[in-house]
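Build the complex from these two chains, which are given one at a time in their own frames, with help from the hints.
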Amino acid sequence: MRKLLTLTDVSVRYGFYEALTDISMNVESGELVVLLGANGAGKSTIFRTISGLNKPLKGRIEWQGKSIGGSSASKLVADGIGHCPEGRKLFPNMNVYENLRMGAYAVRRNKKALSETLEQVYTLFPILEEKKGTAAGSLSGGQQQMLAIGRAMMSRPQLLLFDEPSIGLAPLIVEQVFDVIKEINRNGTTVLLAEQNANAALKIADRGYVIEDGKIVVEGEREELFANDEVRKAYIGA
Amino acid sequence: MSMIKRNRIALIFLLVALMAPLFTDNQYYLYIVTLSFIWTIAVYGMNLIGGYTGQLSLAHAGFFAIGAYSLGLLTVDANVPYWFAFVLACLITTVVGFFVGLIALRTKEHFFAIYTLCVGYIIYLVIYQWDELTGGVRGLIGVPPPSPIGPISFESAESNYYLVLAFLVLVFVFMKFLTESLIGRTYVAIRNSEELAQTIGINTMRQKLVSFVISTFLAGLAGALYASFVRFLGPEISYTMTTFDMLTYLIVGGIGTLYGPLVGTFLIVTITQSLQFMEEYRMLIFGPLLVFLVIFYPRGIVGGIQMWKAKRQFKKRQKMKRTSSTSTHEGGD
Ligand SMILES: Nc1ncnc2c1ncn2[C@@H]1O[C@H](COP(=O)(O)OP(=O)(O)OP(=O)(O)O)[C@@H](O)[C@H]1O
Ligand SMILES: [Mg+2]
Numbered sequence: 001m002r003k004l005l006t007l008t009d010v011s012v013r014y015g016f017y018e019a020l021t022d023i024s025m026n027v028e029s030g031e032l033v034v035l036l037g038a039n040g041a042g043k044s045t046i047f048r049t050i051s052g053l054n055k056p057l058k059g060r061i062e063w064q065g066k067s068i069g070g071s072s073a074s075k076l077v078a079d080g081i082g083h084c085p086e087g088r089k090l091f092p093n094m095n096v097y098e099n100l101r102m103g104a105y106a107v108r109r110n111k112k113a114l115s116e117t118l119e120q121v122y123t124l125f126p127i128l129e130e131k132k133g134t135a136a137g138s139l140s141g142g143q144q145q146m147l148a149i150g151r152a153m154m155s156r157p158q159l160l161l162f163d164e165p166s167i168g169l170a171p172l173i174v175e176q177v178f179d180v181i182k183e184i185n186r187n188g189t190t191v192l193l194a195e196q197n198a199n200a201a202l203k204i205a206d207r208g209y210v211i212e213d214g215k216i217v218v219e220g221e222r223e224e225l226f227a228n229d230e231v232r233k234a235y236i237g238a
Numbered sequence: 001m002s003m004i005k006r007n008r009i010a011l012i013f014l015l016v017a018l019m020a021p022l023f024t025d026n027q028y029y030l031y032i033v034t035l036s037f038i039w040t041i042a043v044y045g046m047n048l049i050g051g052y053t054g055q056l057s058l059a060h061a062g063f064f065a066i067g068a069y070s071l072g073l074l075t076v077d078a079n080v081p082y083w084f085a086f087v088l089a090c091l092i093t094t095v096v097g098f099f100v101g102l103i104a105l106r107t108k109e110h111f112f113a114i115y116t117l118c119v120g121y122i123i124y125l126v127i128y129q130w131d132e133l134t135g136g137v138r139g140l141i142g143v144p145p146p147s148p149i150g151p152i153s154f155e156s157a158e159s160n161y162y163l164v165l166a167f168l169v170l171v172f173v174f175m176k177f178l179t180e181s182l183i184g185r186t187y188v189a190i191r192n193s194e195e196l197a198q199t200i201g202i203n204t205m206r207q208k209l210v211s212f213v214i215s216t217f218l219a220g221l222a223g224a225l226y227a228s229f230v231r232f233l234g235p236e237i238s239y240t241m242t243t244f245d246m247l248t249y250l251i252v253g254g255i256g257t258l259y260g261p262l263v264g265t266f267l268i269v270t271i272t273q274s275l276q277f278m279e280e281y282r283m284l285i286f287g288p289l290l291v292f293l294v295i296f297y298p299r300g301i302v303g304g305i306q307m308w309k310a311k312r313q314f315k316k317r318q319k320m321k322r323t324s325s326t327s328t329h330e331g332g333d
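In order, the protein sequences belong to chains A and B. All residue numbers for the first sequence refer to the UniProt record's numbering, where the first residue is 1 and numbers rise by one. All residue numbers for the second sequence refer to the UniProt record's numbering, where the first residue is 1 and numbers rise by one.
Since the hints were derived computationally from the structure, they do not count as laboratory data. Quick caveat, the model's predicted, so the values are computed rather than measured. Keep in mind that the hints are not guaranteed to be accurate.
What the hints assert, rightly or not - Pairwise CB distance ranges (calculated):
(1) Lys108/B - Asp206/A: 51 to 57 Å
(2) Lys233/A - Val291/B: 31 to 37 Å
(3) Arg106/B - Ser29/A: 35 to 41 Å
To be verified - Short, incomplete list of chain B residues facing chain A, as computed with Cβ under 10 Å:
(4) Glu158
(5) Leu178
(6) Leu182
(7) Arg185
(8) Asn192
(9) Thr242
Ideal placement from N, C-alpha and C gives every residue a C-beta, glycine not left out.
Same shape as in the complex, but just chain B (with noise of 0.2 Å):
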């Protein structure tokens, strides 16, 4: 009973997202809303590493793409069964995660940053000019949905929409017990100072090297989602722009929160495909938007929330800790 009163908010959402698709029968709104999940996943793990690790990872959209463009290769070019390929796409990315990470990690801050958007960006030059391998600007076609699991088949929207949705609630249960236990406590003390984890014993090179390798392979199995669900791969996935975008619902969402990345990526891509008569004019709301946030809630719309209802509760003892010591006061009398 407490646990469900605990998680109520999860499961509200949950509850939510479960209902959705019999109240529309718009394809359209379906596609949007999976999209969304889809870079939620992604967004997840570009939370682990700079929201709770504190190492900002601008090669995020690299590592989607290899995951997609991994799924994609290996269903199309070689006919590799759909879910062997599904497991070797996400494996591939987080193996690349890991000798990247090993090298990168060796940066600090400002440094880390840039020598990962390095990374993000070479990413990208090789799937652009790799032609023979990738289709370079062309991209990849046909690749295929997911196979049927038993009797459930992978072909409509609504199928998809409920697959993506499952691996996203895996994704959010695995962060929530991640982000609560005594690891992801790890992670915040290296995020407030790395000298001081260490002093009391953290090794945090193999930490923040473990927290690296999630976050790429939440990126890949969010790619790998991508491929099959979009079917047709282009470069620009790899490009900075969809890392800057990621961090955009991100940091609006709120860095280093449970359900910052849920309600960030809902919000910014539904609201992107609904001004998108605007075409790049949008920018000029979200560039202020983003702006306003940074300064008067850096921890985005949840921590905003979070604040807010911290201030609530204190203010709500002080008033009981006044009415009862003026009722004893009044007892004595």
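Bound-form chain A, shown alone (with noise of 0.2 Å):
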């Protein structure tokens, strides 16, 4: 398989606290990786460093085989990487559609490419194209979510980034997330997810790597980690 994306030792530091020291991992064209860690272990770090927020100290990071190391995240947005960042941030005041057509702004010349995907996100999320009227910040918390994942697909990204889709949703809605994210992955999106509730996030996942404390501490495929015991024991609890 194509190597899509790869992190060669790379650390991030915010000002003298050093976040993440020499991450290493890849991810492969169509595959769905998962992310495991704790509250603070940097999960959200690398994502910022991959979309270009965030700026590493030293490292090479590799997208479809040149060096992105220093790009724009707006220009990475247009290279083909989304980011669905953490804690659903919509734009309250624009309204469902608005929303989405501000996630296509980096392919908003493309019309046909517009309406096509806008048909796509309303086929996952018929609760959108019901509500696209409604301001952003008036939906519930799940339909929010769906929101921020439907406005991540618009730009049409070849990998799609989702940094703790779950987190503060009922079950059954986390249920719904994480069928959503496999269905967009079967339909040729590659996925890099993160994610604490790993029991739910492996079920989906082909890989996984498990970071504590800006290192990564395991990696491996999806039934390698189920049966790791450290990896059941801090994050399946069982």
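Put into structure tokens, the structure is as follows:
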């Protein structure tokens, strides 16, 4: 399989605090890879660094074989890296449709792609079509998460980063969200998913990494991680 | 037809504005209203960068003055033909705005406000101190009125009124299209959260710069109109107080709304004039009024009206829902 994204010895600092130390990981085209870690482990920092919001102190990030360590966030979206940020950040005063429309900013010149992707999003989340005129700020938590996912799809990314999409949602909705992410992956988008909900996340993943204190401590196929005692103890609770 | 209906408020404003000179012979009233229109254009600029894009620029009086002094100096000292000088004045302001923005926009939030405040003050000092060029405290006298366009000359108060009104209408239409376009929504996205805007692929630095440059262009345009309307320029137009006056108009009218600059500037400029006998004591009225507005109507008069309308519509819809559901219920019985 083709390497889509490769991180080699990436370190990131906030001021003097080293949030990531020598992170090496990779994602192949078509995969669904999960990134497990407790609060403060550094999951969001990895995502922010991949999508250009944080700059790595050292190390190399390659996207489709080219180094992207210094690229701006906006350019990376146009290059095919989508980011669904933590905490379902939306534009609360814009309605559902406008939020989706803003998500397509990077591909705004391609009108046909725009209506096609919008169709896909509405098929995946019929509720968004129903509520397209509603202000995003007045949606329920679950609906907001769906809108955040839908908006991230609108830029037609090759790789989509989902940062803890299940946080704060009812169990039934969590299941729905994971089903949708699996579906997006099956439709051809490579997915990197950060989660604390290891059980649910591993069920849909091909492979995973476990991160603690800014370092990768375990990596492996889904079955290996399920079988790993430490992972079970720390994240699955069995 | 529907276009007329959708824009009926704007059209009513326009109609009233077009007919206003027919109802009054009082040149002084006309003078005040013309002046308020000129300030409105500048406040539209402030609204674009501060209200829509969320970057409060406090150098606005400075750019206004650059436009005004450019026109004044080009026509008085350099004898450049009026309309050519007019275009140049706008251009000069825009170019200065571009370079200031390039540096200022690297700072964020409070720091941006403070930085632009300093830039504004530096512009004031330059105008005040550079005696040989600007005339310093003495100011610049004898700025010519706009030269005739074909058969239309701009000697009378009425003709000046209509000229300024024409520019205001152009600016309004431009702002309407801009803020309703994807670019306008991009600005709102940046105001919402710059980081989120980046995450969806917006080059926030470039968009902020474009917004800032347009805002300085509008300030320069207003300044140029001001120069040839008042025909005398002093350094005080670039002073920090002028910026805060504009900010007051904007906040009272409604920051981040399309009609806010129009409503706020007109009301305050005319009320200030009629309270002139109170001199500085009128701030005793404006101060508390401003505090009241910021607390209860953070989006000013226009924002307040919009809220009220939205609520009324919501209630109407609720009522309709209720009556329709009870009637189907009765039908089922
Ligand atoms: N802007 C910041 N400034 C300073 N330190 C930060 C900043 N953002 C994160 N950190 C620190 O970096 C570390 C990693 O944070 P990060 O947000 O990546 O964790 P996370 O794995 O996403 O956690 P969570 O599951 O709670 O979202 C934490 O110790 C955090 O305190
Ligand atoms: Mg996080």
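Does Thr242/B hold up as a contact with chain A if the rule is Cβ-Cβ below 10 Å? violated (31 Å)
Double-check Leu182/B for me: the hint is only fine if its C-beta lies closer than 10 Å to a C-beta in chain A. holds (6 Å)
Falls inside 31 to 37 Å, the C-beta gap from Lys233/A to Val291/B? violated (58 Å)
Should the interface hint for Asn192/B be scored as holding, given a Cβ-Cβ cut-off of 10 Å against chain A? holds (5 Å)
Would you say the C-beta atoms of Arg106/B and Ser29/A sit inside 35 to 41 Å of each other? With Cβ atoms ~37 Å apart, the hint holds.
C-beta pair Lys108/B, Asp206/A: status relative to the range 51 to 57 Å that was hinted: This hint is violated: roughly 40 Å between Cβ atoms.
Should the interface hint for Leu178/B be scored as holding, given a Cβ-Cβ cut-off of 10 Å against chain A? Given a least distance of 16 Å, the restraint on Leu178/B is violated.
Given Arg185/B as an interface hint, is its Cβ closer than 10 Å to any Cβ of chain A? Because about 6 Å separates Arg185/B from the closest Cβ in chain A, which is inside the 10 Å limit, the hint holds.
Hint status (Cβ of Glu158/B to nearest Cβ of chain A, threshold 10 Å): Violated: closest Cβ of chain A sits about 42 Å from Glu158/B, beyond 10 Å.
Against the hints set out earlier in the document, violations occur for numbers 1, 2, 4, 5 and 9.
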